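Undergrad: Build out the structure end to end from the sequences listed, making use of the hints.
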Amino acid sequence: MKNRLAVALALALGIAAPLYAADKAAPAAATAAAASKPDMANNPFAKPSTLPFQYPAFDKIKNEHFVPAMEAGMLEHRAEIDAIANAKDAPTFDNTIVAMEKAGQLLNRATTVFFNLSGANTNDTIEKIQSEMAPKLSAHQDAIALNPKLFARVQALYDKRDGLGLDAESKRLVERYYTDFVRAGAKLNEADKGKLKAMNSELATLQTSFSQNMLKENNANAVIVDSKEELKGMSEAGIAAAAEAAKQRKLDGKYVIALQNTSGQPALAQLQNRALRERLQKASVNRASHGGEFDNRAIVAKVAKIRAERAALLGYENHAAYTLEDETAKTVKAVNDRLAQLAPAAVTNAKKEAADLQAMIDKEKGGFQLAAWDWSYYAEKVRSEKYSFDESQLRPYFEFDNVLKNGVFFAANKLYGLSFKERTDLPVYNPDVRVFDVTDADGKPLAIFLVDWYARDNKRGGAWMNEYVSQSGLFGTHPVVANHLNIPKPPKGEPTLLSFDEVNTAFHEFGHALHGMFSNVKYPRFSGTSVPRDFVEYPSQVNEMWMTWPEIMKNYAKHYKTGEPIPQALVDKVLAAQKFNQGFTTTEYLGAALLDQSWHQIKAADAPGADGVLGFEAAALKKAGVDFAPVPPRYRSAYFSHIMGGYAAGYYAYIWSEVLDADSVEWFKENGGLKRENGDHFRKTLLSRGGSEDAMQLFKDFRGRDPDVKPLLERRGLDAK
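Under mature numbering (1 follows the signal peptide of the UniProt record, and there is no 0), the residues of the sequence shown are numbered -21 to -1, 1 to 700, in order.
By construction, these hints were calculated from the structure, which means they are not laboratory data. None of the values given here were measured: they were computed from a predicted structure. Fair warning: there could be bad hints in the mix.
To be verified - Dumping the calculated DSS-like pairs for lysine-lysine here, alpha-carbon to alpha-carbon at most 25 Å: (1) K195 / K438; (2) K533 / K648; (3) K284 / K601; (4) K211 / K342; (5) K150 / K501; (6) K540 / K384; (7) K501 / K648; (8) K471 / K226; (9) K360 / K342; (10) K281 / K540; (11) K533 / K601; (12) K312 / K331; (13) K423 / K501; (14) K39 / K107; (15) K233 / K468; (16) K107 / K281; (17) K115 / K81; (18) K284 / K115; (19) K654 / K393; (20) K438 / K471; (21) K309 / K150; (22) K67 / K128.
TA: In structure tokens form, the structure reads like this:
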């Protein structure tokens, strides 16, 4: 998932920030504001980076540079915007829309790096700055979005857009700016604008507190284990990593199992000790909802209430209606219908799977009923029995470098003609980060790619893509793109062996990276992954198909000691098992997606207080028919970070995008699979277009027709067969 927090002006409702370095649009206005700017004499954000592709000078950027750069950037940006809004000349596309695209470069440079690092490599100072600056940046956003003179110029251009002689992308830019302003509240009266500003400011503060609580709660709730004996079943590499984690906490002789951001934890599939599995599962699902300074329940309740109030203020029935209007789904009904179509079959499948797991428990004379902390452990046993393999057999064939270079990169070379060369001369923000030059098929430099795959205590959970520089023809900029995972780092000298899911995640996130790298648009507003939320996951999900493509898998899945390729018999078992446990996987996902919709389809009067959050959650899951205790939702409300950010009322996007993905995979198979002409077609018709055209039209340009849901239903075992 792309980290969009880096875009300062997307902190609140509306306008996407202008991106990356360019000449100043209004030098006179900037000069007028300069007298009150903070001192920027030695600040690395004062000018665009001189490194290749404006790659950030991480070696020069210090914590103390962020606040002065953001404050100076806001002053400069506001002066530029005021010059546009107050211009005596009649509005034109260049003096209004393009001028806004060019404005705010100093602010954008500073906030891009700051918010990317706040997710990937935070510290106490960054967290303090984030808390301080979030409401200020929200107010800055509102000052622009709610400027009546500025909106009047935008509306004047919008009203006569068909007569301006613009090309298609430029005309769409006018339409997008108008829509963004309206959705940000530009048509409200002054009193309501004041209410909206207060709401946006409070939301910015609450969302920052939520994310900071989550990082601290994850660290505080990590499970401490006293003896190696309790870890029986865990791989030696996993035990070594747990010992190293304990050592870093000065708990020598003990073991620490760190928590990932999902409800289920990877160690649950291995641990034989049921009491420890229960302790780990409960530590996970009770995060941020059991009292203490990092409890998020009050924040969840308050955010839901304010979002509902804000939606009503803007003329929408609820926050989901507000959000979905601007997505490909368009309506609450469309999303509700799709989720309702999938949920019954998913839960039915999950219950069938549960019966198989219970049979395994009974066969072993376990003497207990299946619980959530038993699912992964017994699913592995059933998988092993049905398909004669388990997860531990795969790891030796999934070594970090082989997966990256001979898998992810190799697939991109075969499909798109890309080549990758590691470089060590550019500074990084953490020693674990690796940097690669990306060269296009014609030999021309395309992008710079950062790989940040290891977990850290100061790194948020999950996996995501972000951009430090976005492609833009207007500015002549090339992409600087990063992928982040959270793979446990082994002790020094030990290989990094990945799970099947971690390899899949690597291919997925690189699909986002390709979307950013291949961008070929003029305006930064449309660059890369600047597409609807329920479309953005689609290209990344398509890229997952190459993980198990025979030619690709044969090239990277090699034993880390012997170099022997993964046995074909094991590959066949893996492929045969791909529909295994899909009832669980789909049900836990739908539980989270339905929970997200429940929170964002309420009216303000129906929002619970802090003490009612868990009750609201339970009632919502029951009403949706996904309250199956052995399968908790993938995220519970108090640690559902997605819906505190850009996926609010949008977590359905993964399954929505998967309809397009599954149909597109069928297209690749029908057309010969891993062929350059197929990759070039996907790139030309869709990946390069960003948000410069309607998303569903891009799909039709690629596929040649509207999407078909059948491939998804078959993939997930939800068809009627």
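Undergrad: Now tell me if each hint is right for this structure.
TA: Cross-check of the supplied hints:
no.: 1; hint: K195 / K438; verdict: 10 Å, holds
no.: 2; hint: K533 / K648; verdict: 18 Å, holds
no.: 3; hint: K284 / K601; verdict: 22 Å, holds
no.: 4; hint: K211 / K342; verdict: 21 Å, holds
no.: 5; hint: K150 / K501; verdict: 12 Å, holds
no.: 6; hint: K540 / K384; verdict: 17 Å, holds
no.: 7; hint: K501 / K648; verdict: 33 Å, violated
no.: 8; hint: K471 / K226; verdict: 13 Å, holds
no.: 9; hint: K360 / K342; verdict: 12 Å, holds
no.: 10; hint: K281 / K540; verdict: 53 Å, violated
no.: 11; hint: K533 / K601; verdict: 45 Å, violated
no.: 12; hint: K312 / K331; verdict: 29 Å, violated
no.: 13; hint: K423 / K501; verdict: 19 Å, holds
no.: 14; hint: K39 / K107; verdict: 20 Å, holds
no.: 15; hint: K233 / K468; verdict: 17 Å, holds
no.: 16; hint: K107 / K281; verdict: 21 Å, holds
no.: 17; hint: K115 / K81; verdict: 21 Å, holds
no.: 18; hint: K284 / K115; verdict: 22 Å, holds
no.: 19; hint: K654 / K393; verdict: 7 Å, holds
no.: 20; hint: K438 / K471; verdict: 20 Å, holds
no.: 21; hint: K309 / K150; verdict: 22 Å, holds
no.: 22; hint: K67 / K128; verdict: 11 Å, holds
Violated hints, in rising order: 7, 10, 11, 12; the structure is consistent with all others.
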